[in-house]
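J.: Go by the hints and put chain P onto chain E.
Number of protein chains: 2
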Amino acid sequence: MPAPDSISPDQVPHVVVIGGGFAGLWAVRGLARAAVRITLVDRGNHHLFQPLLYQVATAGLSAPDIAAPLRHILRGQRNVEVRMAAVRAIDPPRRRVLLEDGGELIYDQLVLAAGATHAYFGNDQWAEHAPGLKTLDDALQLRRRLLLAFERAEAEPDPRRRAAWLSFAIVGGGPTGVELAGTLAEIARHTLKREFRNIDPAAARVRLIEAGPRVLAGFPEDLSEQARRQLQRLGVEVSTGQAVTAIDGEGYHLGEAFVPARTVVWAAGVAASPLAATLGVPLDRAGRVPVQPDLQAPGQPEIFVAGDLAALEQDGRPVPGVAPAAKQMGRHVAHAIRARLAGRTIAPFRYRDYGNLATIGRMAAVVHLGRLKLSGVLAWWFWLLAHVFFLIGFRNRVVVLLNWTWAYWTYQRAARIILGRD
Amino acid sequence: MPAPDSISPDQVPHVVVIGGGFAGLWAVRGLARAAVRITLVDRGNHHLFQPLLYQVATAGLSAPDIAAPLRHILRGQRNVEVRMAAVRAIDPPRRRVLLEDGGELIYDQLVLAAGATHAYFGNDQWAEHAPGLKTLDDALQLRRRLLLAFERAEAEPDPRRRAAWLSFAIVGGGPTGVELAGTLAEIARHTLKREFRNIDPAAARVRLIEAGPRVLAGFPEDLSEQARRQLQRLGVEVSTGQAVTAIDGEGYHLGEAFVPARTVVWAAGVAASPLAATLGVPLDRAGRVPVQPDLQAPGQPEIFVAGDLAALEQDGRPVPGVAPAAKQMGRHVAHAIRARLAGRTIAPFRYRDYGNLATIGRMAAVVHLGRLKLSGVLAWWFWLLAHVFFLIGFRNRVVVLLNWTWAYWTYQRAARIILGRD
Numbered sequence: 001m002p003a004p005d006s007i008s009p010d011q012v013p014h015v016v017v018i019g020g021g022f023a024g025l026w027a028v029r030g031l032a033r034a035a036v037r038i039t040l041v042d043r044g045n046h047h048l049f050q051p052l053l054y055q056v057a058t059a060g061l062s063a064p065d066i067a068a069p070l071r072h073i074l075r076g077q078r079n080v081e082v083r084m085a086a087v088r089a090i091d092p093p094r095r096r097v098l099l100e101d102g103g104e105l106i107y108d109q110l111v112l113a114a115g116a117t118h119a120y121f122g123n124d125q126w127a128e129h130a131p132g133l134k135t136l137d138d139a140l141q142l143r144r145r146l147l148l149a150f151e152r153a154e155a156e157p158d159p160r161r162r163a164a165w166l167s168f169a170i171v172g173g174g175p176t177g178v179e180l181a182g183t184l185a186e187i188a189r190h191t192l193k194r195e196f197r198n199i200d201p202a203a204a205r206v207r208l209i210e211a212g213p214r215v216l217a218g219f220p221e222d223l224s225e226q227a228r229r230q231l232q233r234l235g236v237e238v239s240t241g242q243a244v245t246a247i248d249g250e251g252y253h254l255g256e257a258f259v260p261a262r263t264v265v266w267a268a269g270v271a272a273s274p275l276a277a278t279l280g281v282p283l284d285r286a287g288r289v290p291v292q293p294d295l296q297a298p299g300q301p302e303i304f305v306a307g308d309l310a311a312l313e314q315d316g317r318p319v320p321g322v323a324p325a326a327k328q329m330g331r332h333v334a335h336a337i338r339a340r341l342a343g344r345t346i347a348p349f350r351y352r353d354y355g356n357l358a359t360i361g362r363m364a365a366v367v368h369l370g371r372l373k374l375s376g377v378l379a380w381w382f383w384l385l386a387h388v389f390f391l392i393g394f395r396n397r398v399v400v401l402l403n404w405t406w407a408y409w410t411y412q413r414a415a416r417i418i419l420g421r422d
Numbered sequence: 001m002p003a004p005d006s007i008s009p010d011q012v013p014h015v016v017v018i019g020g021g022f023a024g025l026w027a028v029r030g031l032a033r034a035a036v037r038i039t040l041v042d043r044g045n046h047h048l049f050q051p052l053l054y055q056v057a058t059a060g061l062s063a064p065d066i067a068a069p070l071r072h073i074l075r076g077q078r079n080v081e082v083r084m085a086a087v088r089a090i091d092p093p094r095r096r097v098l099l100e101d102g103g104e105l106i107y108d109q110l111v112l113a114a115g116a117t118h119a120y121f122g123n124d125q126w127a128e129h130a131p132g133l134k135t136l137d138d139a140l141q142l143r144r145r146l147l148l149a150f151e152r153a154e155a156e157p158d159p160r161r162r163a164a165w166l167s168f169a170i171v172g173g174g175p176t177g178v179e180l181a182g183t184l185a186e187i188a189r190h191t192l193k194r195e196f197r198n199i200d201p202a203a204a205r206v207r208l209i210e211a212g213p214r215v216l217a218g219f220p221e222d223l224s225e226q227a228r229r230q231l232q233r234l235g236v237e238v239s240t241g242q243a244v245t246a247i248d249g250e251g252y253h254l255g256e257a258f259v260p261a262r263t264v265v266w267a268a269g270v271a272a273s274p275l276a277a278t279l280g281v282p283l284d285r286a287g288r289v290p291v292q293p294d295l296q297a298p299g300q301p302e303i304f305v306a307g308d309l310a311a312l313e314q315d316g317r318p319v320p321g322v323a324p325a326a327k328q329m330g331r332h333v334a335h336a337i338r339a340r341l342a343g344r345t346i347a348p349f350r351y352r353d354y355g356n357l358a359t360i361g362r363m364a365a366v367v368h369l370g371r372l373k374l375s376g377v378l379a380w381w382f383w384l385l386a387h388v389f390f391l392i393g394f395r396n397r398v399v400v401l402l403n404w405t406w407a408y409w410t411y412q413r414a415a416r417i418i419l420g421r422d
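In order, the protein sequence lines correspond to chains E and P.
Per the UniProt record's numbering, the first sequence starts with residue 1, numbered consecutively.
Per the UniProt record's numbering, the second sequence starts with residue 1, numbered consecutively.
Don't take every hint at face value.
Stated by the list, open to error - With a straight-line Cα cutoff of 16 Å, these simulated EDC-like cross-link-like pairs (lysine to aspartate or glutamate) come out:
| id | chain 1 | residue 1 | chain 2 | residue 2 |
| --- | --- | --- | --- | --- |
| 1 | E | 373 | E | 225 |
| 2 | P | 373 | P | 222 |
| 3 | E | 373 | E | 353 |
| 4 | E | 193 | P | 81 |
| 5 | P | 373 | P | 353 |
| 6 | P | 193 | E | 81 |
Stated by the list, open to error - Residues of chain E clear of chain P, computed beta-carbon distances all greater than 10 Å:
| id | residue |
| --- | --- |
| 7 | 108 |
| 8 | 316 |
| 9 | 322 |
| 10 | 352 |
Said to hold, decoys possible - Far from chain P, by Cβ distances over 12 Å, these chain E residues were calculated:
| id | residue |
| --- | --- |
| 11 | 164 |
| 12 | 248 |
| 13 | 321 |
| 14 | 378 |
| 15 | 389 |
The hints are simulated quantities; they were obtained by calculation from the structure and are not laboratory data.
Quantities reported herein were computed from a predicted structural model and do not represent experimental measurements.
Glycine is no exception: its CB is placed at the ideal position from the N, C-alpha and C atoms.
Extracted from the complex, chain E is given alone in its bound form:
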């Protein structure tokens, strides 16, 4: 393959990558030495380390600690241009990406890695009362709500209304829900101690609500049980086997019972980016693209789909929507594009499952790696080291470790600053 520098930019194929998350960024990086020019389009200016997003929402980290500008990450890769823009639609027959600012990009190969957003299963009116957590703006908004609830409780003279401000519910017992519930209980019991005069923050009720039979359903049953016990030790009430049937500004319905709660967080469902629908291919129930084994969109050989937007089964089980799977897909798509340009056949994608980690709260986590199962303090250390290791940027790692060391010794959280307006 000739070096990129020896070819004029207009002679090489144009690869457009939509989305600067794990899948998109890893695809771009995998094409660093390919004779292509790349345009990476993202609606934000940054790559986000999503596994630590809940830490921004719970005031442990600040937004820049877990994000880095895409331009900066890719500044040394000369064959890529970063474009900050929202994508309106894809027009496969004309091989065009249509931008919301009116611009258009013509592609030879398209990598669609636009990810997912939260889904309310047909109850979109819940969105206002039970925000979800996908972006940094979501996290800052959630942080604001969680911290304000204690402020409102402190100022509320009526005991029943005060109790409603101190009642929190997290809907969805997956990794995000478990992380949020455990950390929120820690904040109420430890971080805010002695700071209020009219309320006892430790009296706050934190409920984690899972409609299925157990939390962390992606883990073996014994680890789910460990997680439940660790959550309860932190002060979380865990409810399983019953779904939330209504949510409004005053509380929620769990089965027949109405529970007053001014703060409800949605961690229950994700839906694919609406861009998938503009491809003109059949989608699955969650709106994702059922891709071919090589990650091509069906019947669209110049379009690859990677990350949370791709629906794929392997050995009878779906490839999970986690960061390692997205990175592997991104890398595979880069290989596939290089193979196609060289006239070689494209190998099918194989997801390699290196294991599954979830953190629960202070010194509590579960780890499942092949036959190894850990829970408690040891699992927490494992989780911490793995996450700090995978953070992009030397500075971020140092700052995050410093914040955690400080938080461990003081029970404090560095980012308890309320930003924005109602």
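T.: Frame of chain E; chain P shown alone:
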């Protein structure tokens, strides 16, 4: 004086302090051992280290690095209750503070330390096009605008419009304007190097516009001249002696000439908090309260005014609106309230001027302490140490020093994350 614990809360005088800035917070702390109960009211939940606010706006620091929750700072001071609320008005005849949430506080002594906001000298329509910098939300909004301007320029094919996106103006040559202009020039010339493909960020024009004859008018003339030279070395065009006469979304008028500029920042004027007007006393032209020498509001012996809201002359010169003056005033008010409770006479306030520092950009600053005048690298180190020393909280100091060390070696800025929406 009896220990506070021996007195029932209802028997001791109630001191209400409005504003958790330097003046208000230092007043509260000065009353730690007084037999009073204190309510500190602030519309935010945090104390802000305002001297470093420009660093948040220019993406060098994140919001939580320069702020700490008021509750946390004061958790050990048992005679104070923190109330997060906006104040609507003061009702001196009934000794009441009226809150926007409908609540009321009855005071025996009131400390008004609500600070200042930006003023457009009767041109309020400029606010939309030329935002100012007083709060963390202002800083995040400004950061967004500054970073987005380069993104828009990169995506703009028309050369004239692209130039307008790369044209920046800072109106006002005081310390904030100088800091913003110097840092912005550094970002354009160094931080963004190699990151864009269609524009050269170093071609950005950064103009600092001062209507008076020189920048940093609070400093001796030779230091102003030094500051101007250091700014020019960093790439800032310094304009003095001419006022901006109009600002809109496309640019601004400087005298007769129209200058295209999509990003204009207002650092030119401050106006007192509108709460001053509800006191029912005569105000000065900037809306501040001309206080008596002991910081009492004229004719209102139970009301003290401290910080930027207080207008006071000393030895024929106004006490400046800087952090050290606000702290000294806060401390004085605490003394005055304790003296009054003990039946002693209240001494007049004396501002002690320990000197004046302003930073300009990378390794550039001016320092004026009595007969000592410094500029350049040495002044910058002095400025840095002084500011880190006065930051509240051990963790903040470590993180800020770490960020600056990193920024110094890499020319990078840690917080280049665009948050929020248009």
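J.: Now, for every hint given, state plainly whether the structure supports it.
T.: To see whether the hints hold, each was checked on the structure:
no.	hint	verdict
1	E:373 with E:225	12 Å, holds
2	P:373 with P:222	9 Å, holds
3	E:373 with E:353	15 Å, holds
4	E:193 with P:81	14 Å, holds
5	P:373 with P:353	15 Å, holds
6	P:193 with E:81	14 Å, holds
7	108	18 Å, holds
8	316	41 Å, holds
9	322	23 Å, holds
10	352	31 Å, holds
11	164	16 Å, holds
12	248	21 Å, holds
13	321	24 Å, holds
14	378	27 Å, holds
15	389	19 Å, holds
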